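**Q** Residue numbers (the numbering used here), protein chains in the order written: chain A, 1 to 712; chain U, 1 to 712.
These are calculated hints, taken from the structure and not from any lab test. Quick caveat: nothing in here was measured; it's all calculated off a predicted structure. Glycine included, each C-beta is placed from N, C-alpha and C at the ideal position. Some hints could be false.
[Unchecked claim] With the C-beta cut set under 7 angstroms, the calculated list includes, among others, these residues of chain U facing chain A: (1) A179; (2) A183; (3) V257; (4) G258; (5) N295; (6) A326; (7) L401; (8) V429; (9) D451.
[Unchecked claim] Pairs of lysine-lysine residues, derived as PhoX-like cross-links and limited to a Cα-Cα distance of at most 25 angstroms, are as follows: (10) U:K421 x U:K350; (11) A:K434 x U:K421; (12) A:K651 x U:K629; (13) A:K122 x A:K134; (14) U:K551 x U:K531; (15) A:K701 x A:K651; (16) U:K496 x U:K582; (17) U:K496 x U:K551; (18) U:K408 x A:K36; (19) A:K701 x A:K531; (20) A:K508 x A:K531; (21) U:K508 x U:K667; (22) U:K651 x U:K667; (23) A:K508 x A:K667; (24) U:K421 x A:K629; (25) A:K651 x U:K651; (26) A:K667 x U:K629; (27) A:K102 x A:K62; (28) U:K667 x A:K629; (29) U:K629 x A:K315; (30) A:K421 x A:K315; (31) U:K551 x U:K582; (32) U:K422 x U:K408; (33) A:K36 x A:K62; (34) A:K582 x A:K551; (35) U:K51 x U:K103; (36) A:K629 x U:K651; (37) A:K122 x U:K350; (38) A:K629 x U:K315; (39) A:K408 x U:K36; (40) A:K350 x U:K122.
There are 2 protein chains.
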Amino acid sequence: MQDTPANQVDQQANALQRMLQPNSIAIVGASSDLNKVSGRPLKYLLEKGYKGAIYPINPKAKDIAGVAAVPDIASLPDGVDLAVVVLPAEQIEATVIELAKKKVPVAVVFASGFGEMGAEGKTMEASLQQAAQKAGIRILGPNCLGLFNAFNRAIATFSQYADGEVNAGPVGFISQSGAFGTAICALSRARQMGFGFFVNTGNEVDISVMELMQEMLALPALKVCSGYLEGLNNGHALAAVAEQAMQLDKPIVLTKVGRFGAGARAAASHTGSLAGEDRVFDGLVQQKGIVRARNEEHMLDIVEVLLHCERPTGKNLAIITQSGGAGVLLADRAEEVGLNVPALGETTRKAIAQVIPGFGATGNPVDVTAQFVAQPSILTESTIIALNDSDIDVGVVWLQLMHGFTDKLLEVFAEIKSRAKKPFVVVWVSASEKAIAGLRERGIVVFRNGDAAVDALAAVAQYAQARRRWQADFHSSQKQANVGRQQRPTGVEQGKPVPTVQALALLKAFNIHSAQAELVTSAEAAVEAAKRVAPSGSVALKIESMDVLHKTDVGGVALNLSSDDAVRQAFLDITQRVTKAKPEARQDGILVQAMSSGRVEFILGLKHDPVFGMVIMMGLGGVWIEVLKDVVFCQCPVTPAEAADALGRLKGAALLEAFRGQPAVNKEALIQTIVSLSQLGKACEDWLSELDLNPILLSDKGLVAVDVAMVA
Amino acid sequence: MQDTPANQVDQQANALQRMLQPNSIAIVGASSDLNKVSGRPLKYLLEKGYKGAIYPINPKAKDIAGVAAVPDIASLPDGVDLAVVVLPAEQIEATVIELAKKKVPVAVVFASGFGEMGAEGKTMEASLQQAAQKAGIRILGPNCLGLFNAFNRAIATFSQYADGEVNAGPVGFISQSGAFGTAICALSRARQMGFGFFVNTGNEVDISVMELMQEMLALPALKVCSGYLEGLNNGHALAAVAEQAMQLDKPIVLTKVGRFGAGARAAASHTGSLAGEDRVFDGLVQQKGIVRARNEEHMLDIVEVLLHCERPTGKNLAIITQSGGAGVLLADRAEEVGLNVPALGETTRKAIAQVIPGFGATGNPVDVTAQFVAQPSILTESTIIALNDSDIDVGVVWLQLMHGFTDKLLEVFAEIKSRAKKPFVVVWVSASEKAIAGLRERGIVVFRNGDAAVDALAAVAQYAQARRRWQADFHSSQKQANVGRQQRPTGVEQGKPVPTVQALALLKAFNIHSAQAELVTSAEAAVEAAKRVAPSGSVALKIESMDVLHKTDVGGVALNLSSDDAVRQAFLDITQRVTKAKPEARQDGILVQAMSSGRVEFILGLKHDPVFGMVIMMGLGGVWIEVLKDVVFCQCPVTPAEAADALGRLKGAALLEAFRGQPAVNKEALIQTIVSLSQLGKACEDWLSELDLNPILLSDKGLVAVDVAMVA
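Same shape as in the complex, but just chain A:
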């Protein structure tokens, strides 16, 4: 094989696929003591029956555990797919360069002592990064546990998880934490749901979670990808990964810590400081249909449902129980997490009444009573009937104990599963191990607690809804809207405010409706401008100065001016007040703007996020943003369906609807403005730092942006 540039590109492009499905593995520094960290990868590969070639590299041993050892990297044959490096930190860089020379595409580096160890370690890590990049080899880690492919038994890890059975399931799992990742693998195994692939990324000097996610989604053996994240350095690829997941209908389920980071706590009212990383992440995953789990158990619950249940076509839950109270507990939780528990239709109720005892309940929750033990058809038929109700999308069956009837009940559930046309799960409180295992064997998802079941169903219903939205969007023209690049306005420096008139022009170019305005530099010009911008209404005057960020703080604003005299006087007053408050500020003139009205104050903002690129923030003004921090973020650009969905996630969403006798605001106009602003953000992402439209006044007629602040 010739070392042409084309080959090198190809080698790199396939690097991660070769890492995930290696036909040959070299272990650099393999110990002959198989219980050491440096011995365990070989032990596991042998124990678990890896069929590919193994090359333990050890200058002193001829063979290890019967596998022929290789004295050094140079002696490796060509075409090795993966190197596991079990040497200490100080030997890593040189080793990696040697591996690159042998065209090994990826090195897994276990060693700690890098970025996590302070300044010196950080320097060493940066050096490793550069060296690897230059040499053309990809790095997993350092400070990681490695990875495994449970299908082909490539157990390239020293994780204690591999001490036990490594059963392969159609789930990929990427963890930034080694210790917690291992525990999650073990939890998954305990559910008889092993991970097919596991990768621990450690310090992520090179290979990132997002990149791995893309590779895992491409693997035909995997149906679901999951991840445990502690933080993202590289979120630019999020939208692309999410798009790929949607196209393949392979859900991504993530647990990310830091839901309440200091960033999110910061109390402030403008876009910048509200954009705590986690809030942005949370908004983006919801926008893109990635499922976010609250913690490890929630994640595994969701994954189990995704694996074994059809996707529900809506959020309407049927609850079938043997205890009225348990039904209400389930309904409580359903409502809390966004599922509906609609009353069953009259026909359904009558049909259920035919099969359950008189003291049961046919509504929703359905209470079949404990009689079903004597007569299992009660449970079978009432569940099938409830699921068949046209208003129902998904079901949950709740029962407890019944240890003496496990076999009979396993048959009942198997029959329900075979006949049901809609997804359902079982909650079995105080179940026997036999009952749990028996249901799992039959492909039926079972929980020991109602909340866990409802939480998982809610997340899955949310995913299904996001995918329906994506499918609708996929065929809409807006989705494909090709947003061109927009240059920085002439004369504007990076990091400086954009003059209002130029900012307004940019908004206009994207069809975002602002209050009409003119910049003037004399009182008489202000009077004339007022006649033009508001022929029959009143105007506001606002100081225009590159040096003034908060206009009201320096007395730079006058509102509700409805006569020539008032405008003239306001011009003079503002000039004087600003001069007094901030004598050094350059005054570029005064903006004359038509006064506007609306029922609801709204705020939109753009911000260039270092991790996720250009994002848009939306929220209601006043206490909603200031006290309740009620904002939602999306990545730019946003489709109309994504915008509508994001608006629905605002706590104050009800204020957009008809309220206290006043008509609903024009939501279509608001959605279109969000879409347009997000396209503006995308078009300007090379230079735009921040843009605030605060407030935007919404009415039933439409909307108008009253104030704009834009920073290049």
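Assemble chain U onto chain A, guided by the hints.
**A** Relative to the frame of chain A, chain U by itself:
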């Protein structure tokens, strides 16, 4: 023993204690087939080693399982403590009357077929209730599983729970559901934490949860009382039970279903329709220091912590982990449920740095790294040091797997337990059964998941805080405030509005500050009144009519009147408008009231709740109540400490503090008004149906109630 009235009272007073700790049990209708429902109580009593006298009543058998049978109730000896009636529904009433004749104080009725079976059953239930009351016997049930006392082995139930081991723990448990209650008993057993007492109340024709709670709290063997509730018919005793629990420091932990009932969902803005039963219940339990659990697992988690940990003296949590990410997950949840995770002090951090590896973290969360496996003192010492920090009240230690080190780690935790001066719990993800059991044996509470641990600690910290508040209150004079009875104002009919002038007088009598007002019946009188109520300000005019509930709807209000002419004209306009809008309405005059101002609109309401008696509702006006339904309920009367705590639970509480450059409102005045209004409610509870102060305007100076609506 003579049947004097005094004896009868005594017999009834002791009835429930005799039921809970019976020295003799009769089984009416005992079957000789011990596997039947009617045979199981005898089987369980024998199997579990009940030492008291057992009297199976069966006319056909001489003995059952070696116990001499009694042919009929009349043949029972005197002084039997408890009768378990296992006969069908139609025989119950007659049986109960016979038992009463033999002075048996309590009958446990298993039979279903009563109130749960529709109209006929309800009639039979009412009849049973009357007959029992008349005969002087208490009833548990009907339609219940009975009860057990695991200490003296009085297993008066047919619950399948008793098929297994019935280990006695210092926890009482009362369940309204038989099926779910049994499952919860089994869950408790699986935690090696058996319930000492279990009672299933079934249809509650007589003995109620609150009454049982009182009796259980009095039992020296019990430290904690728990309950599973589906609904309360009799909540009047709630305050008394809570007071008793506080005095004894025996926490009550309840799971009550219906957190999101239709009542709570009803969208409306006035007190009446917001007082959905569950919101009232939720407010009251928080006011009174009863712990409310979200579901059965949460309840058992809380009970376990209460049993084995000292009460934390605050809400500051130290997190010690072997995984940075896990620490953040725990911190996330802590913040979500109201615990703090403060940074550890400088001295503490330095001391921890001495014992953990350099790549660990000394902040909070503390990350001791996986090194502690090799050197257990790392975990021991860092946990002890963190707990010793003066800012820390309680700790959680998180670890995972470590199956090979279970014995060593059990020693480590035992040492921590012996040395720690503050409470802590362990989270062990993917723990072995041996690890879990070993920790429990050592009296250390262990969870398999971080959220569950944090949720339980938060509830326990909340309880401890409520008890500190109660202790402070207990010695305050306000607590003892003896509120006299207040008669219904003369001339006011039950169910009718109270004229505003009389309502205002009542408020004044309780020192509740309202805007000054006079009732007038002519325009000139209005002008004169305006001069008196607002000598230098403006006034509002409001129609006064028993037939008009919503004054603005009929044009019955005019605001901001600042001249004689304006007042005169407004009087005429209002009279005309109301006459036109509601010609049949009796016009009692027009109220002239001083206009008031304030920064924040607040709402207070009183409502006579059928279950809980007089309750007070508080909340912020505007979107807070209308969109966010952000209100809190308390039972009347309310102490100042309870009022302050309730205000803190409002989502919009921040608006009461200094906000956007404006000073905080006068919270002391608001608290005093809440206390006073609650005393008014208590004083008027014989006749007052509803009272709304909406709005009350709050400022830094004080407050003023602007509008009052009172219904007798």
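**Q** Hints numbered earlier in the text: which of these fail when held up against the supplied structure?
**A** Result: hints 11, 24 break, sorted rising.
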